[in-house]
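In the order they appear, the protein sequences are chains A and B.
For the first sequence, the working numbering begins at 1 and goes up steadily by one.
For the second sequence, the working numbering begins at 1001 and goes up steadily by one.
Don't take each hint at face value.
Computed footprint of chain B on chain A; a stretch qualifies when at least three of its residues, placed anywhere within it, have a C-beta under 8 Å from a C-beta of chain B [stated by the list, open to error]:
#1 157-167
#2 271-283
Derived lysine to any residue pairs resembling SDA-like cross-links, with alpha carbons at most 20 Å apart [claimed, not checked]:
#3 Lys1059(B) x Tyr1044(B)
#4 Lys1059(B) x Pro1041(B)
#5 Lys1233(B) x Leu161(A)
#6 Lys1233(B) x Gln257(A)
#7 Lys1233(B) x Met115(A)
#8 Lys1260(B) x Met115(A)
#9 Lys1233(B) x Ser261(A)
#10 Lys1260(B) x Ala122(A)
#11 Lys1233(B) x Tyr256(A)
#12 Lys1260(B) x Ala119(A)
#13 Lys1260(B) x Ser109(A)
#14 Lys1233(B) x Gly245(A)
Selected chain B positions facing chain A (Cβ under 10 Å, derived; list incomplete) [said to hold, decoys possible]:
#15 Leu1106
#16 Gly1140
#17 Phe1210
#18 Leu1214
#19 Leu1224
It is worth saying that the hints were derived from the structure and are not from the lab.
Every residue, glycine too, gets a C-beta built ideally from N, C-alpha and C.
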Amino acid sequence: MAEAVATTPLPRPRHVGMSPIAWLAAPALLLFVIFFVLPFGTMALFSFLSGNPVANPNVTFTLRHYERFLSDSLYFESLVATLRIGFVTTLVSLLIGYPLAHWMARMHSRVGHAMLLMAVIAPMLTGIVVRTFAWMTLLQDSGVINTTLVSLGWTDGPVRLMYNEFGTVVALVHIYVPYMVLTLTGVIGRIDERLEQAARNLGANRFRAFIEVTLPLSLPGILAGSLLVFALSISAYVTPFLMGGTDVLTLPMLIYQQVGSSFNLGFAGALGVILLAVSLLVVFAYNHVLGRFAGGEKMA
Amino acid sequence: MSASARRRPDPVRIAYLAVNGAIVFFLIAPILIVGVFAVNPTPYISFPPTGFSLRWFEKFFTSPDFMNSLWLSLRVAVAVLVLSVLIGAMCALALVRGNLPGSRFLTAFFMSPLMLPAILTGLALFQLYLLSGVGRPVWGLVMGHTLVAVPYVLRTTLAVLHNFDRRVEEAAAILGASPIRVFFEVTLPLIRPGVIAGGIFAFIVSFDQFPISLFLVLPNSETLPVVLFNYMKFDLDGAIAAASMVSIVMALSVVIILEKLIGLKAYVKL
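The task is simple: from the sequences and hints, build the whole structure.
This is the structure we're talking about:
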């Protein structure tokens, strides 16, 4: 699949002659060819093979893994569920990420800004397994929220907050909202504050000045942050697995199931290619947005 | 500026701060609650806490399963740090200084492991290793982690290189320093904070890495996140909370070191 990337026509700059320093990229290139391009090629290859060529010499090329995906509605539904969870997670992340990013971008106190950044980056650097565990202790039937609700007498019994899509989305939002905040705060920070000030001097109230000046100018950040969070949340495995219970079946869960329990590498490969196709679309859109609005070196 | 200098109770401003306070609480509270469960002595996760005990930390630090996996995770993370710093920093220099054709495209390519599903990187490496018959060696795991760690080193090093005043190097060269001496005495010290920051990111990314490890570890020789995940499928007790504290304390110290080192702001700019 990464080959598809490599064949994209390059914008040819005027050739100025490579410096010997260019050779320093060789180890990285080697690493990426062997451990990135080659594996993804292998995955695509497996998706067209009838079996495992190592164990069975009589494998043939087949489309049956893709046909299986199309013929059973269970698989299509899991693709839809993956996209739905990704979409809702992105939307909620945007809604709660925007105010925080705005606050951070407009924070004049150096200490305040550093504190906020720590509050955003510290959760981001805590492992996904750990953060999912934290949400399990909060949302399970005997968890913090349900115990509190029952002891306050607000509900008779525990409310089902996890082992469904709701719990999955809540934990995913917590895990990926820092990416939204960091992307947005960079873009909002580059918007000249005086523009909003000018709008207000001309008679717009604060709300209208925000809607008509800051919000449209931050659109590239909104797009880039949303695409990033979407790309990350459709590939999540741990959180839907632990928070979704039997109610949630996403594509990544299905993929690991095929390897871990069914050992069907061909079908796993086909599911992988499908998920990869969705992700590549998102990545291209993301690079396009950033390349167009923020200049070349701000990519990814 | 004049508007924010006027300090009078303003309902819009209060609502704005309240909303943001709630969001910060949403970000931080789940991390803090883990600390409560790590010292709560009850056998299962229960709230409110009933006391204070270090039994879960004791269970974690005396369990051979947890300790072996912690040790493996740390060794892998150190190897990933070294490899990705070397590969990433060199690559950043080449991208900025090498006059490479299509360097914009190359940068996007080297960053792409961050956006493509890591679970697919895991699956793809697993299939490649299977096909080529190398099995599931630890170096295979290290290379998988390095692949997703290099973009972080690249990003922080590119950030310092873009802010770099090349006239300093020219001055050194004019004063008679050889290119190699210029590199070691001028360039390297100036890009060092970015490289170190990238290395710290690489370490933590590897230490916390889950989806790639899931495919590449052998049973009985799993990294800490995989062991925690498998444990959590069946049992949710304070040992997980204690183990989680290791990850959280590490993340907090990293954030503080990074802030002191290059300022977290440099990270946001990209």
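Should the interface hint for leucine 1106(B) be scored as holding, given a Cβ-Cβ cut-off of 10 Å against chain A? OK, holds: leucine 1106(B) within 10 Å of chain A, min 7 Å.
Given pair status - tyrosine 256(A), lysine 1233(B), alpha carbons within 20 Å: The hint holds at about 15 Å.
Take the shortest C-beta to C-beta distance between phenylalanine 1210(B) and chain A; is it under 10 Å? It holds, given that the least Cβ distance between phenylalanine 1210(B) and chain A is near 6 Å, below 10 Å.
Taken at face value, is the distance from the CA of alanine 122(A) to the CA of lysine 1260(B) at most 20 Å? holds (14 Å)
With a cut-off of 20 Å on the C-alpha distance, tell me whether lysine 1233(B) and leucine 161(A) pass. holds (18 Å)
Between the alpha carbons of lysine 1059(B) and proline 1041(B), is the straight-line distance 20 Å or under? Distance ~12 Å between lysine 1059(B) and proline 1041(B) Cα, so the pair holds.
Assess, step by step, whether the Cα of lysine 1233(B) is no farther than 20 Å from the Cα of glutamine 257(A), and give holds or violated. holds (15 Å)
Could you grab the alpha-carbon distance between lysine 1059(B) and tyrosine 1044(B) and see if it respects the 20 Å cut-off? Holds: lysine 1059(B) and tyrosine 1044(B) sit about 14 Å apart, inside 20 Å.
Is the interface hint satisfied for leucine 1224(B)? The criterion is a beta-carbon contact with chain A at less than 10 Å. holds (8 Å)
Under the criterion that the straight-line Cα-Cα distance not exceed 20 Å, is the pair lysine 1260(B), methionine 115(A) satisfied? holds (12 Å)
20 Å Cα cutoff - pair lysine 1233(B), methionine 115(A): violated (35 Å)
Given the hint that lysine 1260(B) pairs with serine 109(A), test it: the Cα-Cα distance must not exceed 20 Å. Cα-Cα ~17 Å, so holds.
The structure is inconsistent with the numbered hints 1, 7, although it conforms to all the rest.
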